[in-house]
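For reference, the chains in residue letters:
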Amino acid sequence: MKAFKITILILISVFTIDKILYFSIKSIEKEVLTGNGVGKVNHFLKVKDTTQFLVFGSSRANHHIEPLIFGNSSFNMGSGGTNIAYSNALIHTLPKNRKQIILLQFDIDYFFEKNYKGEDIKNLSVKYHQNKIIKNKIDDIQMNNHFSNIIWCLNYNGKLLSILKNKFFPKYDYQTYFGFDPMQNTPEQKEIFKKRLKKSEKVKLDCENYEVGVLNFKFLNDIILFCENNNKSLIVFASPTYYDKCKMDNNIVVELMKNLKVKYLDLTDTFIDKEDLDLWKDETHLSNKGAKIFSKVLYTKIRGNF
Amino acid sequence: MIFNSYAFALFLPIVFILYWFVFRTVKKQNLLLLFSSYFFYGWWDWRFLFLILFSSLVDYVLSHKIEKSTCNKQRDLFLLISLISNLGLLAFFKYFNFFTDSFSFLMRSLGWEVDSLTLDIILPVGISFYTFQTLSYTIDVHRKKIKASTDVISFFTFVSFFPQLVAGPIERASNLLPQINKERKFSNILFKEGIFQIAMGFFRKMVIADNLGKYVDLIYTNPEIYNSSSLLLASIFYAFQIYYDFSGYSDIAIGVAKLFGFTFNKNFNLPYFSKSITEFWRKWHISLSFWLRDYLYISLGGNRKGIKITYRNLMITMLLGGLWHGSSWNFIIWGGIHGAVLCLEKYIFKIFQTKNFGYVGMLFTFFITVLAWVFFRASSFDDSIMILSEIFSFNFGMPYIGDINIVITSLMMLTIGLLFDVFLKIKNVSLEDLGSRLNTVKLVLSLTLIILLIVLFYSTSTNFIYFQF
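Each protein sequence line maps, in turn, to chains E and C. When we follow this note's numbering, the leftmost residue of the first sequence carries the number 1, and every step to the right adds one. When we follow this note's numbering, the leftmost residue of the second sequence carries the number 307, and every step to the right adds one.
If we strip away everything but chain E, and leave its shape as in the complex, we get (with noise of 0.2 Å):
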C-alpha cells in the first residue's frame, strides 16, 4: 500500500513540476532570438512574414549563404544537423500568396540515402504544443516522443542550456543578424583538415546503385507543390565540395529538378583549383573567405529572380 502511495505521489509531483517548469521555460524560451538551435528558430518565426529572400537548408546552407549579398529582406534559416524534412516544415510555416523567393541548398549524398526518416525534424520539437503547422509536419512522419504528450519538458530535451544561455547572455543582437555563420579558420582547424583530407584521398566510393530515398522525394515534392501554390519562387542548389568523387549522383538529381521543372543550380564544383585551403573549413564546409565568395557567385547566377 504504501508502495502504492509513493508510486502515485511520484507520478503526480512528475506531471505537476514537469508542467511548472515547461510553462517556466517555454516563457523564456519565447523571448530567445538568438542561438542556432531554438533562438533561431523564433528569429525565423518573427520574420518570416515580412522577408522577401529566405535560404534553408543544413549547415552547408547556414555557413556558405551571405544573405545580405542577396538585399536587405533577407534571411539565412540553413541550420546544422538538418535536413529537407526540418527545412520543409519551416517552409510550410511561410504566409501564403505573399511573393518570397525560396533558395533551398540541397543534400545530394543525403537524397540517396534510403534509410533517411526525416529524424532531423526533431530540432523543431520544442515547438510541438506551440505552432499547429510544425505539429502536423512532425506527426505526419511519426516523429513525436509519444511520451511527450504526458511529459511536456520533453520536447526541451538538450535545448534548456543553451536557451538559458541566450536568454542570458546572447552573443550577438538578432537584429543585425540575417541567419549567417561564417566559420572561421583557426589553425587547429586547418590542421585537422589536412590531415582529413589525406585520409579521405585513400577512400574509395561506391559510385553506382543510386536510388532516391522515398522520404527525401516526398519532401522535395511537398516543398515544390507548396512553393507552387503559395507564389514562391523555388531555387535549389548543391553547395561545394571539395572532393566530389562521385559524378552519377550529381546526374541525377540534375535529371529529376529537370522533370519536376525546378530552377537547380549545381555548384558542387565551383572551386575547382583544390590548392587554396583557407576557402575551406572542412571537405564539405567553406570558410567564411569561401562562403563570402561563393554567395557572389551564386548571386550572380540567381539575380534574375529579384
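Where hints are given, some of them may not hold.
[Unchecked claim] With a cut-off of at most 20 Å between alpha-carbon atoms, the simulated DMTMM-like pairs for lysine to aspartate or glutamate come out as follows:
hint, chain 1, residue 1, chain 2, residue 2
1, E, 190, C, 696
2, E, 199, C, 530
3, E, 195, C, 688
4, E, 245, E, 273
Since the hints were made in silico from the structure, they are not lab data.
Using the hints provided, position chain C relative to the given structure of chain E.
What follows is chain C alone, placed relative to chain E:
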C-alpha cells in the same frame, strides 16, 4: 529488450503487477520470472534462447551427476564436461573468428599461405555473462560449497533471470538460488531502494554516459586528425562514460531485482576513488573480478605458491579477464596492462610496507585506467598506438570541441554525477540502500528531480557498452 526502451517501460510494470498480484506463490512467481526472462531475451533473437536452455540443461544435469558421484575422478569428469560445453559455446560464438584470424596471420608471418577461415557468426547477447554464471554454479557444486538445485524451474530462472541476464551482475548461485527458492514478500524498503537505484541508473546511463559518448565517438571515429588535447579529453571522457554506462546498467539491474524481492551483490563501489589498481579491481565490475579471483586465480594457485607464481597467476587472470571482454588483441593488452600494474604494485607495496600511496596513488590509478581504456575503446591496435603516441607527443593545443552544447552538457552532468559519488563517499552511504534512508517526501522529490533531469538532458545511444561482451 534493453532497459532504456519503450518495450521495457511496458514490460516491467506488466511483469511486476502479475508477479505481486496474480502469481502469488513461489512456484508460480518463478515460472512467471522464467517465461518473462525468456521473453525479455527472445526480444533480440528468439533462436538464441536455445543456447540458454542448452547451457541451463547441461549444468542442471551435470551438477546432479557431480553431487551423486562418490568417485573424485567421475566428479572431475562431469565438471570437465560442463567446462567444455560452456566454454566451447563461448569459444565458438565469441572467439572462433578471432582465433582463426590470428592463426592465419601467424602462419602468413611464418611464410605459409593459409586460407582464411572466418564464419559469419552473430554474438548472442549476454553469452559471456550467463556462461560464467552457470559455470560458477557447477564449480561450487563440485567444490561442495553448495547443493545442486533440485528444482528445475528455480535453476533455469537463476540462469536466465532477466535483470542480470545480458550484462550482469554475474550472480553466484549461493546468493541468488536460495532467494529464488524461498517465499518472497513484498518489501517497502526494497521497493524504495529499487526505484531510487533504477532512477539513478537511468540518469547515469542516459544523461552522463550517453552525453559523454557523443564527444568520445566524434574523436575516436577519426583519431588520426585530432591533437593531443582532444584525444586526452576524449580518453578521460571515455573513462567516465564506460563507468557511468556500466554502473548505470548495474544500478538498473539491481534496482529491478529489488522490485521483485531479490537482493543482488554490489557491482561497482566508486572505483575511481581507488588509491591503487589492486583496490580498483575490488571496486570495478566486482562480480567479474571476484569471479576471476575465485574460479581462476585461486584455481591456478593464487598467492600460495611463491611470489613468481603469484605474478604469473595475476597476469594469466588479467589477460583472460581481458579476453573475456571480447575477441580482440586490444582487450588482451588492456588486461595485460592491468595485470602488469597489479604485479608492480604487489612488488612495490611489499618493499614500502604499505597498501597504497594516498592521493598520489589515486591519481596514478586514474592515469593507468585512462591509459588502458584507450585500448578498450579504440577500434584497432594501430589506432590505440597512434592515439597514445599523439597524447604523449604533448601537442597540447586547443582541444577540438565540435558542438559546444554537447561538451557543456556533458561536463555539467558529469559534475553532478561526480558530486553525487563524492557525497556517497564522504557520507559513507551505499547507493544500494540510499532509497530506504529517505522519507517519503524526500524520496518523491529526489525522484522527481532525477526524472526531470533525465527528461531534459538525456541523450540517445544505441546500446549499453557492455552488451557487446
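Could you tell me which of the numbered hints above are not met by this structure, giving the numbers in increasing order? Going through the list in order, the structure violates no hint and respects every one.
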